[in-house]
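Protein chains: 2
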Amino acid sequence: MSDVVNLTTMEVDALTDADGGLNLTDGHARLGLTAEQAAIVAGIPEMFAQASCRPFQDIEREAHTAFLHAVGQYSAPIGTGRIFSCYSSTLATDIVARALPAGATIAVLHPTFDNIADLFTTRGLNLVPMSEQALMNKDWPGAPVSAIVVTHPNNPTGLVTPRGHLRSLAEHAARNGQTVIIDASFRGQVPDAQYDTYEVLEAAGADWIVIEDTGKLWPTHELKIGMLAFSERTRYPLYRAFSESLLAASPVVLRLVTELAGDWVAGGRERARDMVERNRAVVREAIEAVGLELADPVSQISVARIALPQDGPGSGELYRKLVAHGVHVLPCAPFHWADPKSGERFIRISLARPHDTVLKGAQKLAQAFAELSADEDALVA
Amino acid sequence: MSDVVNLTTMEVDALTDADGGLNLTDGHARLGLTAEQAAIVAGIPEMFAQASCRPFQDIEREAHTAFLHAVGQYSAPIGTGRIFSCYSSTLATDIVARALPAGATIAVLHPTFDNIADLFTTRGLNLVPMSEQALMNKDWPGAPVSAIVVTHPNNPTGLVTPRGHLRSLAEHAARNGQTVIIDASFRGQVPDAQYDTYEVLEAAGADWIVIEDTGKLWPTHELKIGMLAFSERTRYPLYRAFSESLLAASPVVLRLVTELAGDWVAGGRERARDMVERNRAVVREAIEAVGLELADPVSQISVARIALPQDGPGSGELYRKLVAHGVHVLPCAPFHWADPKSGERFIRISLARPHDTVLKGAQKLAQAFAELSADEDALVA
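Sequence order for the protein chains is A and B. For the first sequence, my numbering begins at 5 and goes up steadily by one. For the second sequence, my numbering begins at 5 and goes up steadily by one.
Next comes chain A alone, as it looks inside the complex (with noise of 0.2 Å):
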């Protein structure tokens, strides 16, 4: 299955590893469920007698409901038709692309996820770079530019996009007639990404889109929603890209969402938190003993990128010495999606593993960077 290289193939490798190795690839949670998950997750089938006698609406408003405020949307649309539930994030992706003028110009921030570029790049639309930066500066994209894609936090740096900053974008976008594409799928782990995002697009009058996603704060073994949220003044055709895709989400899975949105905001959170941060802590140790640093050490998100120096094995190299040894990473030059030469010296590890897999993969990350500098330094000698 080696005929294209994407992070997802990569990932699906890491899964589908017959020897067993560590899966470090994706950023979905891989974990064991708390003492208070399991007890949700005991009352699945108790979820699924209240599917069939409940009416989807209600369920579906009171996921939503206790989703987006935990993670402090509560400008969201929630009750307006204007949220729409899919099987993923992905997909709510896929669908807005689907919805956008074939042939149109948009701007994408840069890196993020390689899978967010394809998706759009494949429905036709033509992708310009927004760098990190640009972001930053406030240099906004103009025309041809009719959309501009902003994933808050961004994936693979944890970047978020601070609240003047998406005022500033809003107001621009809305002078200069574009829309405002947010992907906040790992907005959940990070409390500085949980401003109220609708208010500040409300308030500046713009043309937005949002996509949430519960899929990365659970070990919920991709029972998950991505949500599709969209302005009053959107005018593509979203809803016939729905209705393309899927008649609705699983009742079920929505009812186990509102069940975690409880726990989340009851302790869960900082159980998850608490966790994630333990692991950084442990790669951080691991790769500092070698000279490695982390590239976004102040990053919250489930993920963390490891900077390798100019002069030494580059994240190719190391990725594939790390497969030959059943340990599974990104190598991050596919978030360069424009430039993929950009992202050659930083590698990708996961944080929302058990303890010990992560630990585990931080030490033979270090090893085998320690092994292949050595080898380059005997040759060079």
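Stretches of chain B that chain A covers, calculated by requiring three or more beta carbons in the stretch to come under 8 Å of a beta carbon on chain A: (1) 53-67; (2) 91-97; (3) 115-125; (4) 251-265.
Partial list, derived from the structure: chain B residues whose beta carbon lies under 7 Å from chain A: (5) Asn-10; (6) Glu-15; (7) Leu-19; (8) Thr-20; (9) Val-45; (10) Ala-46; (11) Ile-48; (12) His-225; (13) Ser-247.
If you want the ones that stay clear, here's a sample from chain A, every Cβ over 12 Å from chain B, calculated: (14) Leu-131; (15) Gln-137; (16) Ala-208; (17) Asp-267; (18) Val-286; (19) Pro-313; (20) Gly-316; (21) Arg-349; (22) Ala-374; (23) Glu-375.
Keep in mind that the hints were calculated from the coordinates and are not lab data. A virtual CB, placed ideally from N, CA and C, is assigned to each residue, including glycine.
Given the coordinates of chain A, work out where chain B should sit on it, guided by the hints.
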């Protein structure tokens, strides 16, 4: 939400009817669980635990084996890496549509569920209709058609492509360098459609793609799997399209499929069939009382088409009158995607609903038809 009308948007209207109307639109099973199914659903928390500790590949292969063998598909390429598990058969269809070269001409069965035609059209393919009559006459399309899409059994007519006809199609396609694409989403309900499709396609040396679906068999509230299988000969970039769409289906859902397939072969099949046929019988009885007939009396799928006489009220009129009374069925014009007028004299009603729901829906349909006919007669007189 009425900016578009396709069959799915009418299904969404029914699903979200705030007044709690009768939903007899979509082909999903919306039923209470049998005792046997309820016992399986009670085990979902344990399936969750297994999903954490068993390799994904094992869980997936087990589900493919259980489901495909339960529906007679012993030659499906289980364990070869040539079956992708998707969130739904719709997503599987979209992955195929995306992998075919834009601008290619493909033949699609007519009538069939409009969503199939829409997904291919949206991805930039040129569609030509192939009638059921042409299929039964083995009148296969030649150049420039590069792929032939057959829904087997067909939705909404229930037409099964007989084994000899599939062999003829596959041999024709092999001779002409075409791809045979089979959407077998309703296969599980129809014993006649459960001959080993993969054996026939392989024996002919054809390039083939087959879509299977667990979503029409069981009342699992959208917890389902669409399987996308393909031949070794297939050269289209299906893996790239899959990896753009998802990382993996849910191992919890795969476990659920395994268990429900086990129940299916141990009596579940007969329980489901008896229920559907009992519902088909009450529909027949209710409509015969007002002079109407089933359009496909030998169909075994869980929907039934009702034929309306040429000189009475049409399906659009009947649909609107029923919606006004809170009863949702599907007018059939959209199934006739290349010639909607030819479908105007049919209306489709779902049978995979509780018996009382189907009974009430059929009676209201009969009554509405009688009233509309009387109105017309009065106008004429």
